[in-house]
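Protein chains in written order, with the working numbering: chain A, 3 to 117; chain B, 75 to 186.
None of these hints come from the bench; they were simulated from the model.
All residues carry an ideal CB built from backbone N, CA and C; glycine is no exception.
Just so you know, not all the hints are guaranteed correct.
[To be verified] Covered by chain B, according to a simulated footprint, are these stretches of chain A (three or more residues, beta-carbon under 8 Å):
| id | segment |
| --- | --- |
| 1 | 33 to 45 |
| 2 | 48 to 59 |
| 3 | 105 to 113 |
[Unchecked claim] Ranges of calculated distance between the beta carbons of each label pair, as one might list FRET restraints:
| id | chain 1 | residue 1 | chain 2 | residue 2 | range |
| --- | --- | --- | --- | --- | --- |
| 4 | A | 29 | B | 153 | 36 to 46 Å |
| 5 | B | 91 | A | 29 | 39 to 49 Å |
| 6 | B | 186 | A | 78 | 16 to 26 Å |
| 7 | A | 63 | B | 183 | 27 to 37 Å |
| 8 | B | 153 | A | 68 | 45 to 55 Å |
| 9 | B | 186 | A | 4 | 18 to 28 Å |
| 10 | A | 99 | B | 129 | 16 to 26 Å |
| 11 | B | 156 | A | 113 | 39 to 49 Å |
| 12 | B | 89 | A | 72 | 29 to 39 Å |
| 13 | B | 152 | A | 72 | 42 to 52 Å |
| 14 | B | 144 | A | 80 | 36 to 46 Å |
Residue-level listing of the chains:
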Amino acid sequence: DAGVIQSPRHEVTEMGQEVTLRCKPISGHNSLFWYRQTMMRGLELLIYFNNNVPIDDSGMPEDRFSAKMPNASFSTLKIQPSEPRDSAVYFCASSLEEGARETQYFGPGTRLLVL
Amino acid sequence: GDSVTQMEGPVTLSEEAFLTINCTYTATGYPSLFWYVQYPGEGLQLLLKATKADDKGSNKGFEATYRKETTSFHLEKGSVQVSDSAVYFCALIKAAGNKLTFGGGTRVLVKP
Numbered sequence: 003d004a005g006v007i008q009s010p011r012h013e014v015t016e017m018g019q020e021v022t023l024r025c026k027p028i029s030g031h032n033s034l035f036w037y038r039q040t041m042m043r044g045l046e047l048l049i050y051f052n053n054n055v056p057i058d059d060s061g062m063p064e065d066r067f068s069a070k071m072p073n074a075s076f077s078t079l080k081i082q083p084s085e086p087r088d089s090a091v092y093f094c095a096s097s098l099e100e101g102a103r104e105t106q107y108f109g110p111g112t113r114l115l116v117l
Numbered sequence: 075g076d077s078v079t080q081m082e083g084p085v086t087l088s089e090e091a092f093l094t095i096n097c098t099y100t101a102t103g104y105p106s107l108f109w110y111v112q113y114p115g116e117g118l119q120l121l122l123k124a125t126k127a128d129d130k131g132s133n134k135g136f137e138a139t140y141r142k143e144t145t146s147f148h149l150e151k152g153s154v155q156v157s158d159s160a161v162y163f164c165a166l167i168k169a170a171g172n173k174l175t176f177g178g179g180t181r182v183l184v185k186p
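Given only the sequences and the hints, what does the whole structure look like? Please build it.
Shown next, in the form of structure tokens:
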């Protein structure tokens, strides 16, 4: 299997622009997670989906952030408008099922820089 | 709330030295515990996990034992290699949950 695929790998944009990050989970996995990694806050969960339905979005920082999962093989995380404090590495992860015993498999991440 | 605390780095070692990274957690019930590793410029990879008390996870020479009595999940390796240089994250998922709660990460640098 190709693993979790994320695109783009790097994104540089200017403040105020819209940014869209993309994720393709491992085929057959039912749960998908978006994480953000920063030096100040470490790794934090933004949102997760199960069977394409958002289950917990309590980690989404504010209304500028939105996430969708239109089908089992694709998800997007959108920031509009972007701000410099959004600069971070964004990871997508997927797992076979929900639950504490399930391993989450991470993609390579998208490194976002907002100028 | 749930939390994971791990020793701050960086930890600098010579090749073939013994490595220990301490990890303690706070969570209700019986969470599952994980160690993830992040190599430079890459995403996180699962290193090992344990899902119940006294379980020992092991992989690539690394080991960690789920200690309920001390709420700990310390990572050990008997003889490190330069290729083990990475950032190591301890994490948990609580019994009824799906969210990984991570520690702050420990950077390990192994010198030849």
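Okay, the hints, checked on the actual structure:
1. Chain B is given as covering the segment 33 to 45 of chain A, and this holds because 5 residues of the stretch bring a CB closer than 8 Å to a CB of that chain, at least three being needed.
2. Remark: the segment 48 to 59 of chain A is confirmed as covered by chain B, as 4 of its residues place a Cβ nearer than 8 Å to a Cβ of that chain, reaching the required three.
3. Chain B is given as covering the segment 105 to 113 of chain A, and this holds because 7 residues of the stretch bring a CB closer than 8 Å to a CB of that chain, at least three being needed.
4. In this structure, residue 29/A and residue 153/B meet the distance hint of 36 to 46 Å, their C-beta atoms being roughly 37 Å apart.
5. For the pair residue 91/B and residue 29/A, the supplied restraint of 39 to 49 Å holds, since their beta-carbon distance comes to about 41 Å.
6. For residue 186/B and residue 78/A, the Cβ-Cβ distance of about 43 Å falls outside the hinted range of 16 to 26 Å, so the restraint is violated.
7. Roughly 32 Å separates the CB atoms of residue 63/A and residue 183/B, a value that falls within the hinted 27 to 37 Å.
8. A C-beta distance of roughly 48 Å is found between residue 153/B and residue 68/A, which places it inside the suggested range of 45 to 55 Å.
9. The beta-carbon spacing between residue 186/B and residue 4/A, approximately 34 Å, falls outside the hinted interval of 18 to 28 Å.
10. Range check, residue 99/A to residue 129/B: about 20 Å between beta-carbon atoms, so the 16 to 26 Å window is met.
11. At roughly 25 Å, the beta carbons of residue 156/B and residue 113/A sit outside the given window of 39 to 49 Å.
12. Against the hinted window of 29 to 39 Å, the Cβ-Cβ separation of residue 89/B and residue 72/A comes to about 49 Å, which falls outside the hint.
13. The hint said 42 to 52 Å for the Cβ distance between residue 152/B and residue 72/A, and at roughly 48 Å that hint holds.
14. For the pair residue 144/B and residue 80/A, the supplied restraint of 36 to 46 Å holds, since their beta-carbon distance comes to about 43 Å.
Violated hints, in rising order: 6, 9, 11, 12; the structure is consistent with all others.
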